[in-house]
Amino acid sequence: MINEDSKDAVEEFLSDPEIAPFVTRVERLPAVEAIWTDFPPGLDPRLRQALASRGVDRLYSHQRACWDLAAAGNDYVVVTPTASGKTLCYNLPVAQALLDDPDARALYLFPTKALSQDQQAEMNALIEAGNLPIKAATFDGDTPQSTRKAARDSGRIIISNPDMLHSGVLPNHAKWIKFFAGLRYVVIDEMHAYRGVFGSHVANVIRRLIRICAHYGAAPRFILCSATIGNPGELAEALVGRPVTAVTQNGAPRAEKAVVFYNPPLVDAVQGIRKSSANESMEIAAKLLASGTRTILFARSRLKVEILASYLNQRFENIYTDNRHIRVEPYRSGLLPGERRLIERGLREGSIHGVVSTNALELGIDIGGLDAAVIAGWPGSLSSFWQQAGRAGRRRGASMAVYVASSAPVDQYLIAHPERFLGSGAENARIDADNPYVYADHVKCAAFELPFREGEPFGPDVGEVLAFLEETGTVRNTGGRWFWSDSGYPAEKISLRSATADNVVIIDTTKGRNEVIGEMDRPSAKELVFDDAIYIHRGRQYIVLKLDIENRQCLVEERETNYYTDAVVKTDIKVLSEDERGGSESLPFVVGDLLVRSSAEKFKKLRFHTNENIGYGEIYLPPEEMQTRAVAVLFPATGRPGAILAAMGELERAAVLSAFCGTVRSLAPVNLLCDRSDLGATWRARDDHYGIPAVYLWDRYPGGTGLTEALALSLPGVLKNALERVASCDCEDGCPSCVGVADQAFAAVRKRKAGAKRVLEAALMAVGRDGALEG
Amino acid sequence: MRDRAAPSAPRTEHQAPEAFPDGWTTIGDGIRYRETTRSGPVAPARSPVELGAFSRRLDKLACSAGGLAFFDLETTGLSGGSGTVAFLAAFGSLRDDGALSVRQYFMEDYPAEPAFIETLSAEFSRAEALVSYNGSSFDMPLYAVRRAMNGFGPPDPKPHADVLHAARRLWRTTIGNCSLSSIEDSVLGVRRAGDIPGSEVPEAWFDWVKRGRSGLLARVFEHNELDVRSLAALFFLIAEAARGIGWPAACDAVGLAGLQSRVDEALAERTLRQAIAAEGQDARNRRAARPLMRLLGRNGRPAERDELVGFLPDDAAGLFAKSVHAERRAGDVAEALLLAIESAKAAREGGTLAMRALKRVSRLERKLAGLVPDRHSSG
Chain A
1 MINEDSKDAV
11 EEFLSDPEIA
21 PFVTRVERLP
31 AVEAIWTDFP
41 PGLDPRLRQA
51 LASRGVDRLY
61 SHQRACWDLA
71 AAGNDYVVVT
81 PTASGKTLCY
91 NLPVAQALLD
101 DPDARALYLF
111 PTKALSQDQQ
121 AEMNALIEAG
131 NLPIKAATFD
141 GDTPQSTRKA
151 ARDSGRIIIS
161 NPDMLHSGVL
171 PNHAKWIKFF
181 AGLRYVVIDE
191 MHAYRGVFGS
201 HVANVIRRLI
211 RICAHYGAAP
221 RFILCSATIG
231 NPGELAEALV
241 GRPVTAVTQN
251 GAPRAEKAVV
261 FYNPPLVDAV
271 QGIRKSSANE
281 SMEIAAKLLA
291 SGTRTILFAR
301 SRLKVEILAS
311 YLNQRFENIY
321 TDNRHIRVEP
331 YRSGLLPGER
341 RLIERGLREG
351 SIHGVVSTNA
361 LELGIDIGGL
371 DAAVIAGWPG
381 SLSSFWQQAG
391 RAGRRRGASM
401 AVYVASSAPV
411 DQYLIAHPER
421 FLGSGAENAR
431 IDADNPYVYA
441 DHVKCAAFEL
451 PFREGEPFGP
461 DVGEVLAFLE
471 ETGTVRNTGG
481 RWFWSDSGYP
491 AEKISLRSAT
501 ADNVVIIDTT
511 KGRNEVIGEM
521 DRPSAKELVF
531 DDAIYIHRGR
541 QYIVLKLDIE
551 NRQCLVEERE
561 TNYYTDAVVK
571 TDIKVLSEDE
581 RGGSESLPFV
591 VGDLLVRSSA
601 EKFKKLRFHT
611 NENIGYGEIY
621 LPPEEMQTRA
631 VAVLFPATGR
641 PGAILAAMGE
651 LERAAVLSAF
661 CGTVRSLAPV
671 NLLCDRSDLG
681 ATWRARDDHY
691 GIPAVYLWDR
701 YPGGTGLTEA
711 LALSLPGVLK
721 NALERVASCD
731 CEDGCPSCVG
741 VADQAFAAVR
751 KRKAGAKRVL
761 EAALMAVGRD
771 GALEG
Chain B
776 MRDRAAPSAP
786 RTEHQAPEAF
796 PDGWTTIGDG
806 IRYRETTRSG
816 PVAPARSPVE
826 LGAFSRRLDK
836 LACSAGGLAF
846 FDLETTGLSG
856 GSGTVAFLAA
866 FGSLRDDGAL
876 SVRQYFMEDY
886 PAEPAFIETL
896 SAEFSRAEAL
906 VSYNGSSFDM
916 PLYAVRRAMN
926 GFGPPDPKPH
936 ADVLHAARRL
946 WRTTIGNCSL
956 SSIEDSVLGV
966 RRAGDIPGSE
976 VPEAWFDWVK
986 RGRSGLLARV
996 FEHNELDVRS
1006 LAALFFLIAE
1016 AARGIGWPAA
1026 CDAVGLAGLQ
1036 SRVDEALAER
1046 TLRQAIAAEG
1056 QDARNRRAAR
1066 PLMRLLGRNG
1076 RPAERDELVG
1086 FLPDDAAGLF
1096 AKSVHAERRA
1106 GDVAEALLLA
1116 IESAKAAREG
1126 GTLAMRALKR
1136 VSRLERKLAG
1146 LVPDRHSSG
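Just so you know, the protein sequences line up as chains A and B, in that order. Position 695 of the first sequence, counted from 1, bears residue number 695 in this note's numbering, the numbering being contiguous throughout. Position 110 of the second sequence, counted from 1, bears residue number 885 in this note's numbering, the numbering being contiguous throughout.
Honestly, the hints are just simulated from the structure, not real lab data. There's no promise every hint is true.
Claimed, not checked - Among chain A residues calculated to face chain B with C-beta under 7 Å, some are:
(1) Asn172
(2) His173
(3) Ala174
(4) Glu449
(5) Thr478
(6) Gly479
(7) Phe483
(8) Trp484
(9) Ser485
(10) Ser487
(11) Tyr489
Each residue gets a CB set at the ideal place from its N, CA and C atoms; glycine is no exception.
Work out the full structure, taking the sequences as your base and the hints as a guide.
What follows is the structure, encoded as structure tokens:
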């Protein structure tokens, strides 16, 4: 096993002749010794004893730093890599406070219910070890009605999530008086999950929480924990709306780790096509697993996760080798909670050797340390990358993370510029607590919870929002207060997360069974479990008999097939408003509202392993619609970029625009530091709305998160990177690393890449050579 | 899709307030009051009432009919939460002549809420016991929240009979929807003309506070008053039926026996025996034998209980009991096996009963093959 000879295992992997030629870089992170400190003098003897009985007789320096900050009454955020003893950073000060004062309470917030359960177990272990008179209770959507009252009345620590706080607890604060009045600490774990719109919502929920606490005379302190991001202090302050001290010095030991960059072999040098990163990473995972290395493989989609896990298990089925005991499980959203638990435990205890996962395992779910992490393609952000890489690595024994690049421009860019991983540090997480849409939603919720007093502070502009709400009749201003005056329950209609809350349950009806085997959000269901789709669940294949969107259920039946299905999703758009113009006369852009409609009308049947297309089917489902923010880049014939396009033949113009659009979309995330899945894009040779050629880029969160506004500002930089990429690529006429491989429709077009380059040059010129916008 | 703020709506002109409906007097800052007494006695005020039939928690609790407060709140929403307020309350109580007097309190605007709560508080503390329709889940918790929101402590605990629970037992299987208006219609034979639907009640008040329009209020007042009158009528109807007096329309016998068993088990037994006789031969819908068997078991009458096995329905549990009975009483192992197989088939796959039935099947099979000595196990 890798445990003792782990360093050798890493070296063995790197010197493998099938691997070595394609390793473009190995970055070795050296081992780090622990920094210890003594228990603080004021530590309650019961806590000291509880810790001792769990084998803890001193603290890491950062745990002690947290304690000291708490003792001084400060808010703090602690940045914690995997396995650095994070929970003591908050459990110690909280337990001490609860032991000191029998009326004191604490609130723990986790982004998911699964994490809440993990942490309740962790807290209970400490409580039991010291026989402490503290009760921790989970209060979330799964808490049965019958135990809710007991949790409210006797839970000294309430473990919940922001969604439940928002829609269940705060609107009913009068049932929680004792809790709010005694609230001393609010712990926000996995803080990095609260970014983008979701984070902006959470910041406003915290505003509401602070307001309700103040109403009951309490002023709780905040303790936040984050994985490595560029700006933990800034994000923490944005979330809680006041200064927060950041604890970034980690006193926990770390074993050696190798980060390996792997660029799959070229299969078509002319077109720049490389072996598929999914297959290559599966091969690598198989190799590692076969050599006894416990491995996690991160894939990009739920479908990929299931398919790759099946392939791996099939590979290990060969009864003539020693490998048949190797067990690999898929881990993704949509599994039932019990199944997830089973897999997590199997990984911790070692009965499961490998796991193929989506980013669902990025968060701090406890699966113990694995020996290797294989990352198939850029996961969208540096934080995600390091979180995934961090799944490999324990306190002792070397480990490795293998990044397997795909042919996508972003992957090839990063293989060529590995310093972007290693030098630039993690990216910033951005939220906008004052985002007018999000903020107005929470002013409503706050007004429902407690009438606003005249002049009461709450966020940037409460007076203005209340005046607007009064006009619409939602609040009533009388007697110096603003009262909620609507029969609705506002929190019910406001979802903190972009993903829609209504889930479709997947029911297995094989042989009269009637069993829920999984669930899926509605938009995904339309693309993954339409009628006749093949649904794969932990390696079992099912055929979808009926997707009943109205009743939120999908009936499936077990069936062995030699193919899987993939929906062909079509997207169309409609401009709803033109709010802001920018750019220059020769390359104007418009920021505004856009309606994005996506529908799957057809699906492909693809043979397993070969991915050969063996047939089509029809899908009859209503489209998904979303209103969001977009930037439209326009090409009037009076400007140079537009003139270049105008001089082209119709087909060439389309091919070049598509190349321009694809390149800009691929490289924008590098500048915006967002996930590539955060942006949608399309192009129009003659746009229905503007009547001239146009390229649209939009925010894929309903309503927008400010990404398009940021893109409008950094467009010159994005164009510059795109041009650099196209100019420096030595492929013949476009490859996946620059302007992409031509669609079938454009196969006849020559000099597509050269055309795109000319348009990019002209565009960059039009917005100013060094990035400044022209006039 | 995100719910965007609508473009700013034209500001509604605040019209001069319309006249307030007749019959109301102002009794405090922003609080109005009216009392309505309709002729015709409902029940004698001095007669004692037992509340036990309405809830096991009220076992042996009796008070005089005159000490009951029938109450109902009208609110700005049905979802609860801190932003939902009560703006109208009705309290009904019996006068000495047996007629029901209904006192209603109306809150004119938000700032009057503390005064409103004090008025309600006085009414609640006067009562010996409270009677409501769904008040234990809705009205009382909401009242408690309103008290908390205005800095009052929790309400004084009072015996509280929620008639909805009893009504569900009596009419769920026969009428289905047990809303007060549905029961009123089917059981009391009351049809209200022009009653305001509950969903429009919040808007009636908002129309008054925001725009000074009182048009809908009169209908809400009437609705609120009639709710309390129907509540009182229903309460006495059920209380008497639970004591064997009268048989409410469309009433389910098994449900009625359930209420009766709380106050008079002999009466419940009679009702259930009649129900068994009335159920006839259809073995699917038999519901009366099981509660009667439980009652007899409770009272130490096992022999009489076992005689009723044949009246159990042919569902998984019924078939199981019949199988046990066939083996022990009739000594018919083959029949017992057959019944056990049927029971296993009817039971939910993988459930406890299915497991027990399967175990029983295999034991009976062995017993039938002579492999197991005869023993009266419970299977």
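Does the CB of serine 487 of chain A sit less than 7 Å away from some CB of chain B?
4 Å, holds
Can we keep the glutamate 449 of chain A interface hint, with Cβ of chain B closer than 7 Å?
5 Å, holds
Close enough to count: is the Cβ of glycine 479 of chain A nearer than 7 Å to one in chain B?
This hint holds: glycine 479 of chain A lies near chain B, its Cβ roughly 4 Å from the closest one there, short of 7 Å.
Grab the minimum C-beta distance from serine 485 of chain A to chain B and call the hint holds if it beats 7 Å, violated otherwise.
Hint on serine 485 of chain A: holds, closest Cβ of chain B at ~6 Å, below 7 Å.
Are threonine 478 of chain A and chain B close enough, Cβ to Cβ, to be under 7 Å, as the hint says?
6 Å, holds
Does the interface hint hold: is alanine 174 of chain A within less than 7 Å of chain B, judged Cβ to Cβ?
4 Å, holds
Holds or violated: phenylalanine 483 of chain A as interface residue toward chain B, Cβ cutoff 7 Å?
4 Å, holds
Hint validation: tryptophan 484 of chain A versus chain B, beta carbon distance must be below 7 Å. Holds or violated?
Status holds, d = 4 Å.
Hint validation: asparagine 172 of chain A versus chain B, beta carbon distance must be below 7 Å. Holds or violated?
With a closest approach of 6 Å, the asparagine 172 of chain A hint holds.
Less than 7 Å between beta-carbons is the criterion; does tyrosine 489 of chain A satisfy it with respect to chain B?
The hint holds - tyrosine 489 of chain A has a Cβ within 7 Å of chain B, the shortest such distance being about 4 Å.
Taking 7 Å as the limit, does the beta-carbon of histidine 173 of chain A come near enough to a beta-carbon in chain B?
6 Å, holds
In the structure shown, no violation is registered for any of the earlier numbered hints.
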